[in-house]
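Respectively, the protein sequence lines represent chains F and C.
Residue numbers for the first sequence follow numbering that gives the first Met the number 0, beginning at 0 and rising by one.
Residue numbers for the second sequence follow numbering that gives the first Met the number 0, beginning at 0 and rising by one.
Some hints could be false.
What the hints assert, rightly or not - Partner residues aside, some chain F positions facing chain C, computed with beta carbon under 10 Å: (1) Ala332; (2) Met383; (3) Val390.
Stated by the list, open to error - Sample of chain F residues lacking proximity to chain C, with all beta carbon distances greater than 10 Å (derived): (4) Leu166; (5) Pro244; (6) Phe246; (7) Asp303; (8) Trp382; (9) Gly387; (10) Gly391; (11) Pro396; (12) Ala397; (13) Ala441; (14) Arg459.
As the list claims (entries may be wrong) - So the derived label-pair ranges between C-beta atoms look like this: (15) C:Gln70 / F:Trp129: 34 to 42 Å; (16) C:Pro53 / F:Val329: 52 to 60 Å; (17) C:Asp10 / F:Leu159: 55 to 63 Å; (18) C:Gln70 / F:Trp169: 36 to 44 Å.
No wet-lab data here; the hints were simulated from the structure.
Given the structure is predicted, the values throughout are model-derived calculations rather than measurements.
The beta-carbon is built from N, C-alpha and C at its ideal position, and this holds for glycine as well.
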Amino acid sequence: MTAPSSPTAIGSPFSSAPSPRCETGASPLTAASAPRPVSLPGPSWLAAQGRLPLAFMILALGWLAAATAMTALAPATLALPHAAPAAVMLAHAWVLGVFVTVAVGAIYQIAPVALSTTMWSERCGWAHLWLHTIAVPGMIVSFARWDMALLGHFGALFALGVGLFGLNTWKTVRRCGARDVVALSLVLSAAWLCLTVVLGLAFAANRFWHFIPLDPLALLRAHAHVGLIGFFVTLLQGVTFRLVPMFTLAEVRDWRPVRVGLGLSQFGLLGLAPALAWNRGYVAMVCASLVLAGLVTSGWALFDTLSTRRKRHLDPGIRAFLAGGIVMIVAAAAGLLLIFPATPWDSVSRGFNGMVYAVLVLLGGLFPLIAGMLCKVVPFLTWMRAYGPKVGRVPTPAAGALTHPRLETWAFRTHAAAIAVLIVGVATQNLTLLRVGAWTLALGVVLILADMAGVLKHLRPAPTQTK
Amino acid sequence: MTPSASYETTDAIWRALASILDPEFGISIVDLGLIYSVERSGPDVRVIMTLTTPTCPSGAWICDGARAAVQQLPGVENVRLGLVFEPQWTPQMLSARAQHELGCGAEHGR
């Protein structure tokens, strides 16, 4: 092939229609006019960064199987009061084992790309993974035996891991200098997670030393909401507006409602947590209303963002994520009813309706949010490891081609049916419905696990991996 | 060296770049409008490209792959790849084919 004697620039001959670049048949960027190129971290860095979040995701898949098995094998647990040891154990298996593991793994992946930097310390991240891997099963066993001393030991290990995670997130954000709402949500969610763990440990210690003169049930509710709203909702109210535009080619037209949504939730939670702990019904109601307003505002901002999307067809994972967000808003409204003073649904007097709320929040709202994230993140991380180094050298598939969208669609449909049955089963204390709901839930999870196994299969080193 | 030979050479570079799919959308990076220009001077090739977002998590792989795809072409010795974010990528840079694949073409009312 003979080279031309002078620089040549032409538009792409392969685009079906002219883009601004192609209209004149020449690039708008000549050597003289082109801005100074920027540099991205190298591929080796990306490969290294991808390992840690992928390890968290694989751990989360194991916990997803375990928590589902615990639910399916003992569905009557859902008919117990929400403070019953078995219910507390099951809730922690889902929350710490599945939801926190996925969310933390996602943060280790998202934070560097959202902030255009590297994590402050990858070693801290791996230490966190090991502490998390050891501590969570220990905590679940402690809950099963209702051994608060053992819980304190494993809880301390968990707290140490979360502390490293919080430090890592804070240092990463501080180092990159980002001050936008996404960076803020990352730091705030990490801080709330640390506080949740400290509160949990304090409540366990209070069983021995009684240094907190408050109703343990009220403290449990405060602890749960600090974790739920402080960590999960705060995180989602920020990073959603970086990820969803990325996945759907959309743009956030106005960041003000995103900031307002986050702010309302934060102020709401700052009042809600102490109001729940001290059983101040009206104050809790006002603060929960602020949280609900924050969720609605963020939901509206997301709806507005999605209206600008170029990718019209949404993946099953994104659809599940959005459905989970809607259920969370419904669940927040249900929570408002529960804390309404002297309400017939008051969870303080009845004790059981809190479980309807818990199932709605955790399995109805948080599950599809987290599983939707899982269905997007795992294929992408797998693609990064299996195919990223091959880009440009051999044909590589898209990350979405590693999944089975139909399987995911049926998984989330099955899950929605399961939740409907479980909610009715919990509300009516009907064990047959609880069994049917729990096994339907298990079927949905099996479909998700089968899909994820098919994705992870691509990590096996094989010469015929390319499609 | 003839003009047609020059065109074929640059054409091959575009073709090589078009073989790279964006991992999220499964669409060629050329159809996505990520390649701003290709310049060739003898064995030296200069590609100026962008990403859909500066925080694109697969950005480094795409850039590295673009460089590798061009580098393996016959007659190419040096590839200089410039990653720029001005002008910023916008969905208007999608080709008609990409718009159709994403479901946002004229026939979809957008």
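The hints, checked one at a time:
| no. | hint | result |
| --- | --- | --- |
| 1 | Ala332 | 33 Å, violated |
| 2 | Met383 | 7 Å, holds |
| 3 | Val390 | 3 Å, holds |
| 4 | Leu166 | 23 Å, holds |
| 5 | Pro244 | 8 Å, violated |
| 6 | Phe246 | 6 Å, violated |
| 7 | Asp303 | 16 Å, holds |
| 8 | Trp382 | 5 Å, violated |
| 9 | Gly387 | 4 Å, violated |
| 10 | Gly391 | 3 Å, violated |
| 11 | Pro396 | 7 Å, violated |
| 12 | Ala397 | 3 Å, violated |
| 13 | Ala441 | 31 Å, holds |
| 14 | Arg459 | 19 Å, holds |
| 15 | C:Gln70 / F:Trp129: 34 to 42 Å | 40 Å, holds |
| 16 | C:Pro53 / F:Val329: 52 to 60 Å | 36 Å, violated |
| 17 | C:Asp10 / F:Leu159: 55 to 63 Å | 59 Å, holds |
| 18 | C:Gln70 / F:Trp169: 36 to 44 Å | 41 Å, holds |
Figure legend: structure checked against the earlier numbered hints; hints not met, in rising order: 1, 5, 6, 8, 9, 10, 11, 12, 16.
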